[in-house]
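Participant: These protein sequence lines map, in sequence, to chains P, B and Z.
Just so you know, our numbering puts 14 at position 14 of the first sequence, and the rest follows in order with no gaps.
Just so you know, our numbering puts 195 at position 55 of the second sequence, and the rest follows in order with no gaps.
Just so you know, our numbering puts 373 at position 68 of the third sequence, and the rest follows in order with no gaps.
Simulated from the structure, these hints should not be mistaken for lab results.
Treat the hints with care, since some could be wrong.
What the hints assert, rightly or not - Not the full set, but computed from the structure, chain B residues with beta-carbon under 8 Å of chain Z: (1) ASN275; (2) MET276; (3) PRO283.
To be verified - Here chain Z is said to cover these stretches of chain P; the calculated rule only asks that three of the stretch's residues, wherever they fall, bring their Cβ under 8 Å from a Cβ of chain Z: (4) 61-69; (5) 102-109.
Predicted, not measured: the structure shown is a model, and the values here were computed from it.
The beta-carbon is built from N, C-alpha and C at its ideal position, and this holds for glycine as well.
Spelled out, the chains give:
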Amino acid sequence: MFNFKLPIPSKSTTMILLQSLNSSRDFLPILLMFIVAAGFVSFVMIVTQWLGPKHKSKVKADSFECGIEQIGNARSPFSIKYFLVAILFVLFDVEVIFMYPWAVNFRSLGAIGMFEMFTFIAFLLIGFFYILKKGALKWD
Amino acid sequence: MITTEIKESIQSKLGNFVIAVEQHYDFPVYIVKKAHLHEALKTLKEDPELNFHFLTTMCGIHSPENEGAEFGLMYQLHNMPNNWRIRVRAFMSKNDLDVPTVSDIWPSANWQERQEYDFYGFNFTGHPDLRRILNMEEMNYFPMRREYPLEDAWRDDKEDKYFGR
Amino acid sequence: MAVNIDPKNTPPGYEGQGFFATTLDKAVGLGRANSLWPLPFATSCCGIEFMATMGSNYDLARFGSERISFSPRQADLLIVAGTISKKLAPILRQVYEQMAEPKWVISMGACASSGGIFDTYSVLQGIDRVIPVDVYVPGCPPRPEQLIDALMQVQEMARNERRDYRQSERYQKRLEKYGIE
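Construct the complete structure from the given sequences, taking the supplied hints into account.
Facilitator: Below, the structure is given as structure tokens:
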């Protein structure tokens with residue numbers, strides 16, 4: 001029914017693909033940069049604890065309230081709608097992340113790939129529809 | 141401008157509350173007895189023709205040379221639609237510093253009376269929250285009374301030659 | 306190509322190709338002196354003069370005071386600029402105590418140093434009645450150049466401070482004199 005050819009790479013392109021997969025030495029600079037960044041942060045944090053003077057007192061440990069006596073607690077309950085919006089954002093953001101490799105390999109995946117992705121999105125849309133009907137995104 | 145008709149109207153409405161009337165520059169000043177102070181001020185505010193709805197300021201007076209009437213209070217009232225300004229004064233002796241509060245007539249008098257308590261020591265009866273407002277709470281005297289020397293005699297770090305002594 | 310830079314105030318040390326070795330005290334002092342973050346406790350006219358010093362004409366930021374903070378937790382230097390009344394004195398003391406060690410205090414202007422011209426019932430006659438002060442700047446208000454000189458003196462103090470000064474007996478005695486535990 002569908003007139004298409006499977007995209008099998010030729011011999012020369014296969015050689016290039018295999019070489020780029022094998023040389024993990026390319027990733028060495030990234031590892032080094034990571035070590036330097038994390039190492040500098042931890043070095044500074046630990047060394048300042050050793051080098052700096054320490055002085056503890058009750059007044060110093062109080063919360064800073066511009067010099068006057070503090071009254072009460074800064075904790076107060078807040079509305080759950082902020083939490084709901086944040087969690088739902090994370091879920092749909094992960095869905096979008098899955099769509100990025102699909103966008104890159106769109107041609108090579110062909111029509112079957114497109115319909116697979118459509119079913120994936122359809123599952124998530126059913127969930128989204130449920131959220132809308134339940135009123136989880138209502139702001140008031 | 142306050143014309144003489146208006147001054148006569150004020151005089152008639154206040155009736156026998158007023159002991160004396162003076163004119164200090166632009167301001168007619170009505171001197172009332174302390175016992176009638178609250179009612180006089182209430183009349184001045186609530187009368188629809190006089191309508192002194194705005195208490196511009198109030199301040200304390202201490203003249204130690206007037207025996208029997210050392211302390212005084214001055215209220216300056218303003219009628220904005222007609223632009224009339226008057227002053228009302230009441231005097232009392234130093235043994236009798238209880239004054240009725242006017243914070244039920246003008247809410248802005250709340251803090252102004254706290255300031256007068258802080259600096260002169262007037263005791264405003266009926267005031268919701270009479271405590272010091274500008275000075276530190278531990279202070280145990282009333283600074284603006286004219287009964288202290290100008291300089292602190294106990295300071296030992298001021299050199300005489302710099303101060304012309 | 307040799308670059309001819311002569312930085313002033315380099316501590317004594319051993320120099321080599323691409324490195325410089327010095328004692329830890331000197332290195333720490335160099336770091337502290339060149340990054341004093343001020344907390345401007347600005348009350349009156351001296352506060353405006355401080356703002357002028359932080360402006361571009363008399364730039365205080367080139368001495369390292371780039372980030373001024375109004376929170377004592379992240380400040381090294383407390384600049385008290387202006388008249389402090391007796392009602393404000395405990396608040397100033399609280400702000401000073403909540404600063405992190407090491408900390409220095411500049412008392413800017415005549416009012417903060419000694420009460421200035423206000424010898425009255427309500428003005429604190431000098432902030433050194435409540436907190437220990439390192440540098441006094443006279444003037445009403447002091448010129449920006451004077452404040453810069455004061456900052457440079459604090460830099461000199463920070464550069465030459467012993468690393469264990471803040472834990473030492475002498476410092477504890479100094480704090481006790483002011484009743485700060």
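Participant: For each hint, tell me whether it holds in the structure or not.
Facilitator: Now for the hints, and whether the structure bears them out:
With a least beta-carbon distance of about 6 Å to chain Z, the hint placing ASN275/B at the interface is held under the 8 Å criterion. A hinted interface residue such as MET276/B counts as satisfied when its beta carbon comes closer than 8 Å to some beta carbon of chain Z; here the least separation is about 4 Å, so the hint holds. At about 5 Å, the closest approach between the beta carbon of PRO283/B and any beta carbon in chain Z falls short of 8 Å, and the interface hint on this residue holds. Counting residues of the region 61-69 of chain P whose beta-carbon sits less than 8 Å from any beta-carbon of chain Z gives 5, enough to reach three: the coverage restraint holds.
Taking a C-beta to C-beta cut-off of 8 Å, the region 102-109 of chain P contributes 0 residues in contact with chain Z, too few for the three needed, and the coverage statement is violated.
The structure fails hint 5 only (numbered hints given earlier).
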